[in-house]
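J.: Here are the chains, one letter per residue:
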Amino acid sequence: MDMFALYNYWVVIFLMMTGFYVVIASGNLVKKIIGLNLFQASVFILYISMGKVSGGAAPILRETVQTYSNPLPHVLILTAIVVGVATTALGLALVVRIKEAYGTAEEDEIHSQDESL
Amino acid sequence: MRDNPVLRVVTKITIPIILLFSLYVQFHGDYGPGGGFQAGVIFAAAFILYALVFGTQAVRIVVSPSILRLLTASGLLLFAGVGMVTMLLGGHYLDYDTLAQNPLHGQHLGIFLVELGVGITVAAVMITVFLAFAGRRD
Amino acid sequence: MAGRVRTTVIELINIVLLGLLVITAIAAIRLHDLFAVTIMFGIFSLLAAVLFVVLDAVDVAFTEAAVGVGISTILMLATIGLVGRQEKQPTHRPLLPLIVVAVTGAALVYGTFDMPHFAAPDAPIQQHVAPRYLEQSPNEIGIPNVVTAVLASYRGYDTLGELTVIFTAGIGVLALLGLRRRRSRLADSPEEEP
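Protein chains in written order, with our numbering: chain X, 1 to 117; chain L, 118 to 255; chain Y, 256 to 449.
Calculated from the structure, these hints are not laboratory results. Beta carbons: idealized from backbone N, C-alpha and C, even for Gly. Possibly wrong hints are sitting among the right ones.
Unchecked claim - Across the chosen pairs, the derived CB separations fall in these ranges:
| hint | chain 1 | residue 1 | chain 2 | residue 2 | range |
| --- | --- | --- | --- | --- | --- |
| 1 | Y | LEU275 | L | ARG254 | 16 to 24 Å |
| 2 | L | LEU136 | Y | ALA282 | 31 to 39 Å |
| 3 | L | GLN218 | X | ALA101 | 30 to 38 Å |
| 4 | Y | PHE368 | L | MET118 | 52 to 60 Å |
| 5 | X | ALA57 | Y | GLN341 | 45 to 53 Å |
| 6 | Y | ARG435 | X | ALA101 | 14 to 22 Å |
| 7 | L | ARG125 | Y | HIS383 | 50 to 58 Å |
| 8 | Y | ASP377 | L | GLY198 | 40 to 48 Å |
Working from the sequences, and respecting the hints, build out all of it.
T.: And the structure:
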């Protein structure tokens, strides 16, 4: 039962490593940004899993509820989600400009064009 | 997509409902899930839907780039301005207790204004970013 | 008895959702058509939003569904429309990234052995500030949604900073891409004034 109680976190760590693998192993810039977003979403799941209280309810105060889940990770992750989309928008705008400047969005072709200058 | 009558009619029916829902989420964020961020994104989604079906030129007629710039800045100015007003009223920065006679009413007013500022800026930024991407192709 | 059945059903939903998330993430690695990868990311975000509801984080689920599935996916689709849809096939086997990822994953799993059990009520995270906010919020602020109360009032400075980040990202995209319509693609056209 000890191992079983932590399997949530292990699955989330596997998802994080999937996103991390996409970031470092793919050559296409857009796919890197998608992998970064996968990584971010998995980190959010990790934090929200840590804030859950068994038998608790959503942190909206009502008469009929005794225990609530922890509201602090929710606030933190709310901020993180919106900051994440802002960063993604900026990153994708950079990719569009890189494509217009170099003619390609593949990392090794960009490096070879830079080195041949 | 403008030629497809089903898409046109359904869009024209659903866009006011989406806008109304975003206003509901904005102002009922105190009593249920919701708040400024979600409402701003839903409001922008209505405009993005209009742009997808009727074209970016049609959206530029509805909300021009200068209005978008103005809205982006004014939401943030509202948020920071609430803080300055509370300082001028004698409290700390963003100390909503000073905004009304009863501290609870002050908190309600402060949260209302702050979430409104958040909703305005988030909606304007999302519409701006989408129009910047969508208008890029010649 | 009904309480135990309910807990088991929620655990089952948890397991099914996590399994679907794993399948979607692996599909996102293996596909090379960027349109399909973007749709996989949209499905991943939607499943994450459902998982957030199961984990009692309703505000976060709302935001993830609106932002992750809506805005992120459509921005990626717009970028793919401008940049190109096919990813180049990899030429060599990515052995070094696999090793790095495996080592990092093993280190993180080793770190979780110190963590309290999932959803334990006596975990340290539930002890210090959170009970104070939950108990004092009716007296000090008086609105039912504690997440909004914490976001806008108790941690208002962080929300101001977050709004500034969104504002800066909007300005950044305006500076990079601009809102003027481009009539022709000149390689050395002057910088567009937003």
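J.: Look at each hint and say if it fits the structure.
T.: Verification of the hints:
| no. | hint | in the structure |
| --- | --- | --- |
| 1 | Y/LEU275 with L/ARG254: 16 to 24 Å | violated (35 Å) |
| 2 | L/LEU136 with Y/ALA282: 31 to 39 Å | holds (35 Å) |
| 3 | L/GLN218 with X/ALA101: 30 to 38 Å | violated (59 Å) |
| 4 | Y/PHE368 with L/MET118: 52 to 60 Å | holds (54 Å) |
| 5 | X/ALA57 with Y/GLN341: 45 to 53 Å | holds (47 Å) |
| 6 | Y/ARG435 with X/ALA101: 14 to 22 Å | holds (19 Å) |
| 7 | L/ARG125 with Y/HIS383: 50 to 58 Å | holds (56 Å) |
| 8 | Y/ASP377 with L/GLY198: 40 to 48 Å | holds (43 Å) |
Violated hints, in rising order: 1 and 3; the structure is consistent with all others.
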